[in-house]
Structures are given as C-alpha cells and as structure tokens.
Amino acid sequence: MKYELVIGLETHVELNTKSKIFCSCGGHGTGSEPNDCVCPACSGMPGMLPVMNKRVVELAVMAGLMLNCNINRYTTFDKKNYYYPDLPCAYQITQLNHPICTDGCVSLKTSEGTRDIRIKQIHMEEDAGKLVHGGKYSYVDFNRTSVPLIEIVTQPDFRSAEEVVAYLTKLRSMFISGGISECIEGAMRCDVNISVRPEGSAEFGVRSEIKNMSSFEAIDRAIRYEYQRHVNALEFETEELVQETRRFDEVSGKTFAMRNKETEADYRYFPDANLMPIIINDEWLEQIKAAKPDTVDEKAEQYRLAGISEKEIEMLMSNHNISRFLDETVALGCNLKDAAAWILTDCAGILRKDGKTFADLAIAPEKLAAIIKMVDEGKINRGVGKKILVAVVESDVDPVAYCKENGLDQKADTSTIEAVIDKVLAANAQAIEDYKNGKTKAKQALFGACMKELRGTADPALISELLENKLG
Amino acid sequence: MKYYAAKINENGNIAIDDTLLVKDFPATAGSRILEGFKPLFNAEAVTRLENAGYTLSGKTHVGEFGLDLVGEFSYYAEKQEKLRGAAAELVANGDVKAALGVDVNGATRRAAALSDICFLKPTYGTVSRYGVISTAASGEAVGAYAKNTDGIKEIMSVIAGYDEKDGTSLRDKQYEYKNDCEISGLCVAVIKELVEKADAKTKSEIAAAVDALKEKGVVVEEISCSLFDIANTAWEILMTAETCNNISRYDGVKFGHRAKEYKNIDELYVNSRTEGFNFLTKAVILYGSDVLSKNRYADCYDKSLRVRRVVADGLQNLFAEYSAIIAPVCSAAEFAAYEMKDAFDKVFAEGEFTAAANLVGIPALACGKVQLFGKQLDESILLSLAHAFEKEGE
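Read top to bottom, the protein sequences are chains U and B.
Position 337 of the first sequence, counted from 1, bears residue number 345 in my numbering, the numbering being contiguous throughout.
Position 220 of the second sequence, counted from 1, bears residue number 227 in my numbering, the numbering being contiguous throughout.
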C-alpha cells in the first residue's frame, strides 16, 4: 500500500526589535553574560506590569502581510500557565482567542511544481529563559525571557519533507530581507505535527508532534525518520501509534517519546488583564503597509526584470544585507544591473581576497554610488573605479577625495599622453624593435608601461590609439 | 498592637500597606513566601507622595496578599482579639496623616469602617498599579486611608494620574478631587438588601447619614437591587483565578521563601509553596485553578466575564437615575478573631458589600460604616456627599 505524509508546522520566530516585548531590556542576543539583560519585569518580580512594545505589533502585522493573512484589527493577549524555572512568572503571555493574523497562504516551488500552504494564524508571544545544567546545580538565565516571538501555525498542508524545508527556507529569507527577524541560530524554531495515512484516505492518521527543532537539516531527517516509523507501524504493526510529543535526537537520527497527550498539562489559558486589547485602525495599518519592505518574491521579480541572472538573484536573496545594500545604492540613482555587478563581482572579489564574506561588508552605499557615478560620467574608467573601491572597502576612504588626492581622474589630455608615450618609447628601444619584428606582445608591454606612468588618469582607449599612431 | 512590618522614618506622616513596594524595604504582602524580598523600586503612588514632600513612616502589616477580612492573617503580625487593620488604626490614632492600601476584595474599606475612618477605592485606572504586589489585576486599586474626606482629597490629588508604566492607566485624564460640590437636589439610592444584612450599629450609622444628607437637600430613596449578589460571585471567580495566576510566580526559585528540604524541582515548588502560603491563600489558589480548568472555564470564568458586563450595564442604568448608591461597608461594626479555616467563606460573605466596585472598576468610598458607590470618575460627588455626614469633618 502507498502512504501519504501529512504535516502541519508551528514555527517560532524571534522578532528583530531593539527591546523585549513588555519591558525596555534589549531584544534578542543583547546579553553577553547570563542575566545581564534582565529587569524586575522580565524576571517576574512583584510590582512590575507588562507594557506593550509597539514595534512587535508592527513586525507581526508585516509578517502577516507577507504571508497574505487577514490582519485582525482587535487583538488580545492571554496567559498560559505552567511551572518551569525558566519561566519567571510561571505563565507565558501569548495569544489564544484573538491572534493578530489569521487565514494566510504561501506559495512554494518544489520539484513537483507550485504548492500552496495555508497559514492558520500568526500570534505574538514572549520567549522563555534558559536553563544551564552544571554539576550539582542548575542555573537560570533570563536574558531570553520576554524576547518577542511570533508563532506561525500552518494547516496540515505539507506532503513531503522537501516542502517543509522549502517553506522554512522561504520564510527565513522573507523575514531576513524584510527585517522581521535576523533568523540567526536558534531564532527560528519549529514544532512538526506529523501523521501518515493510506493514499486516498480522507481521515488523518495518528499524530505525533516533534518539538523544538531549529536546523533545517535536522527537520528534514526527523520527518523522514518519523514517516518511516509510522509506515512501519501501519504496514508491519511494529508498534501501536499514539498521539504524543516526541523529540528528535540528532546523533542517533531517531525520535523519542516525551509525553502523551492524555497526561498533558491543562494550561488554564485566560485573558491577561494587564494588557488592554490592541486596536489596529486603518491609519496605523496603512503606515505599516507603507513601511513593509517588498517580499522576497516581489524583489526577485524586480531584479529579474532588470536583467539580473537567476544565479545572481539567488546570491542577492541569500543575504539580506547585500540586497539591502544594493537597493540603497540604486535608490541613490545608480542603475540596478550595473550596481549589482559592482557588488556581486567587485565587492565580492575584494572581500574574498581578504578572506571575508558579505557579512563583513561595511561600506556606505553612498560611497559605492559615488564611484559608479564617476565612472558613468567618464571621470574615471572602471579599472580606476575598482582601485578606489579597494581603498574604500579596506580603509573606508572617501572615494571622491581619494580619487583627487591620488591623481586618479582621467584628466590627462592628448598632449600629456603623447609626452608620456614618447618618454616610454625612448626608454624601450628594444621593445619597439621587437614590435616591428612582428611581436605583438611587445606593444602590450609598452601600453602597460604608459598606463603605469599615467596611473590610470587617462582613457585606455585613447592611449592605445595614440600609441598605435606613434608606432606606425 | 504592633502596626509595622518595617519602619522607615520615625517622623513619617504616611504609612504604606505592605502590598505596595518601597525601594529597599522588605515587601512581603504579609506572606512568608516573600520573606526577605526587597524591591528595587518604589510603587508609583509612593514616588508621587515622596515627590510631593510627604515622608513615609513605614510598611504596615496586611493580611496575606490582602485576601482576608481586614488584615488578620499576616504571617508577620501578632494575633488580634478584636480585628483591626494596621494602617487604618494608625490613621485613626493620629499617628500618621494618611496611608496607602490596595483594595482587591474590600479589606481596606472594611478596615476603615472598623476604625471609623475613610478609605477611597478610586476608579480603576486612575492610580497607577505599578509597584503593587498584584493579585487580581483586573479589579485591584491603590487607594487612600485618611481620617476624613479632606485627607482623602489631599492624598488622591497627589497619587492619581496617568502613568506610562501601567498599561491599564487611564490616559489624558486630569483629576481634581473636591468634597464641597453642591449636593442639594442630588438623588441617591440606599440598597435595601444590603442594609438588611447589617448589624444594628451599622444600620443606625447609615440612618444617621441618610438624615444628614436629607437635611442638606439630598433626595434619598430605598431601592432593591440584586446586582451586588451576582457581582460578588463573579468577582470571587475572577479574583481567585487572577490571584492564583499572579502569585504562581512565587515558586521558591528566584526570591522569597525556599523550602530547606527538596529532592527535585517539583518538590522545591511544592514544599516552598506549602510552607510559604497560608490556608486562605491556598484555598484561593485551589478555587482559582479550578475555575480556570478546561472543564470549568466556560461555565465559571468566561461566564463571570459576561456577568461583569451585565453588572456594569445594570449599575450604569442606576447611575443614570442616582448620583450615588449607599450601602454598608460590611455586615458588622465589630469582628472577633476566628479560625482561618472559616476565612474563605467569611470573606466571600462580606464580598456582597464590596465586590461590585472591584468587578466593574467604579469608585467606592468607605466613610465609617457607610459606603458610597458612584459612577466612573465621580469621586468628588462621593466625597462631597460623605462630607455632609462624616464625624471628623471641619
């Protein structure tokens, strides 16, 4: 018999905010030492009240817009009760009854064609802290407590591990490029709800939930393992499937039961009286829409129309910083395709030479734009432009000033060039002899010597022409 | 009677209930579970008083988390024979000018009644709850004890006002508290069912107040109203649920009392909380957990939220006709010491007189044994009416 895999995902994404969701402590990854980014509010001390971080609402709405959701204009917070030492208040503030976004959809391209995944809802919530176990004691670190999260819940629409990975990859690049989340290690975590049924069956099989995975590779392996476990159980009755929560062990590549649903805690959800309902009016929604950057799909299409190759688009999309750098450079009046070439070829080359990556690119888009402009206006040639770019990337010089100080403008007129050519020819009698004897390479050497003398201040085509005339 | 859980300044003129935080002074809300806890900041109301030049005398004993009748079940205070609230007694004795308290279930109003002084539970959102050791966030309110309405007026003018640190604080509101508004011609209602439940001394005090009001030209009508009864049940459900949730953070892990004996994290929780909370608090936790559980939520918690709306609408209709409602603060002019196992029922029985104000956030003024309810932000009407019959007036 053939079996069909059915998967629904719950994905937690840490939002890229300056501060935590209900207090003014720094947001994700701010703390360097345990508990150096906590205050009485996020460590659960009495007397403190949660105050909503407006930016969290805006980023959650942006994420909802990117995933084609309905934005609910009335949204409220609930408390979820459970005891664990990493949860200082013994409840988590989350959204149950009125989540901020509902009923969205994402299109995926897979080897089987285009697939639509329905989004059930997106809700805002606070993260928990972290326990560190060492020796006789366990230590509590509240730095991550109250870091804002959105949880994106899909309908059970995935039919393969490949689709799940494609979805997560898309979500990640969308959120990075949109400034929603940096999606760095551990900032995107997934719970995978998985069941298996005979192909053609309308009923769902028994579901297991694999908790808290962040590496796509692990998610892929976990799904494949779990699928086989379910198929074996159905086909060969190797075990009886029960609805349960499981954990994936990356070393053995297997999943293990954590707890059964029957014994699962009652979280006693109820509305949080300390947080007033949030009303998103038309004006605010329009502001958020206007501030929302183009999604990955929209941006890729823009690049495609400008004639950038698919491979280059992929490079641009893989790193939010480069595509943003490109967009900012273009916004300063540069041609899109041209600017992309400068970034993907020239900047990349300079960085690579120094053993760096795009992540290390720290130059201001204004500086690249200034170089491109000088080339476009014929003040310098592209080679000189690249030379200036090296100086900019390596020592962050001002390109226009650098060009002037080093005499790199293509200011040399014909007579200056001719004088230089004469000087070079006088010093290279042998080369002239060689050239006349048919060694074309000799001309290249003379040309190079002229270029060196002129330090790139002249138009190479003009030098070449004048040199040819002199050589006869 | 020893009044203070912690002394601050011998010459201080304001006492602070131990349900409010004063920076660097122990704050326990009368509970062993918070033993040794010292806050890092002041409650907003405390800061405002200090900025206005008042000095704090100390932190006064309260019943554990303010859940009892008037403050009889503090882990730290000595046992009383005749029940009195510590802050209310200090004010009555003239030891301090005024005191701050947190009204979550009427204990502060009852304490004022027993000591023959005033306590105002103001409109929800007028005084910041920043720095309150919170129990029932949706109805608790910081209020003031004073000998008379002059004192209440003075303190409220200092502590009320918008605070960005409290998300439930009312925005853009300026408050001016008066006790000399024109009251002649106003119409007030006395709730028949509640007066009937009070003892003779309370009844006679209410009758005297009514006479004094009539003398000033106030029209007084006796009416029948069932809202206070259903409000009490709804508030008991919401209040216990919220309290159970808000005090679940006291788990022995971070601060306060931790049991000496435990073998694992579950035992640390269970033993610390078993030792840290008193019987009444435990009853509230059990009751509150139950009404939030999956099987009961719809019938208890959710229904209570809807009852809150019904009571708010019903009272609003009454306030369209009457400028204020008069009722006793509590059933008796005296309460003798009793066993803690009876506390939950006793407090619930008294809740009929007080809970409506917490449930729907309206102001309630206890002036001696007489209580006045008004519509949102009508504190000045209540103070002016009380001024007509208060004993300690000018």
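Hints in this document: simulated from the structure, not taken from any laboratory.
Any given hint could turn out to be false.
DSSO-like mimics (lysine-lysine), calculated; alpha carbons at most 30 Å apart, straight line [as the list claims (entries may be wrong)]: (1) K221(B) x K88(U); (2) K88(U) x K261(B); (3) K172(B) x K138(U); (4) K301(B) x K26(U); (5) K62(U) x K221(B); (6) K301(B) x K219(U); (7) K394(U) x K460(U); (8) K381(U) x K395(U); (9) K219(U) x K261(B); (10) K88(U) x K172(B); (11) K138(U) x K45(B); (12) K172(B) x K297(U).
Per label pair, the in silico range of CB-to-CB distance [unchecked claim]: (13) L47(B) x G143(U): 26 to 36 Å; (14) Y147(U) x L293(B): 50 to 60 Å; (15) V250(U) x D236(B): 27 to 37 Å; (16) R167(U) x L47(B): 15 to 25 Å; (17) V408(U) x D31(B): 17 to 27 Å; (18) Y147(U) x D349(B): 53 to 63 Å; (19) S223(U) x T281(B): 41 to 51 Å; (20) D349(B) x W292(U): 20 to 30 Å; (21) Y147(U) x D31(B): 25 to 35 Å.
Note that beta-carbon positions come from the ideal geometry of N, C-alpha and C, so glycine has one too.
Violated hints - listed by number, lowest first: Result: hints 1, 4, 5, 14, 15, 16, 17, 18, 20 break, sorted rising.
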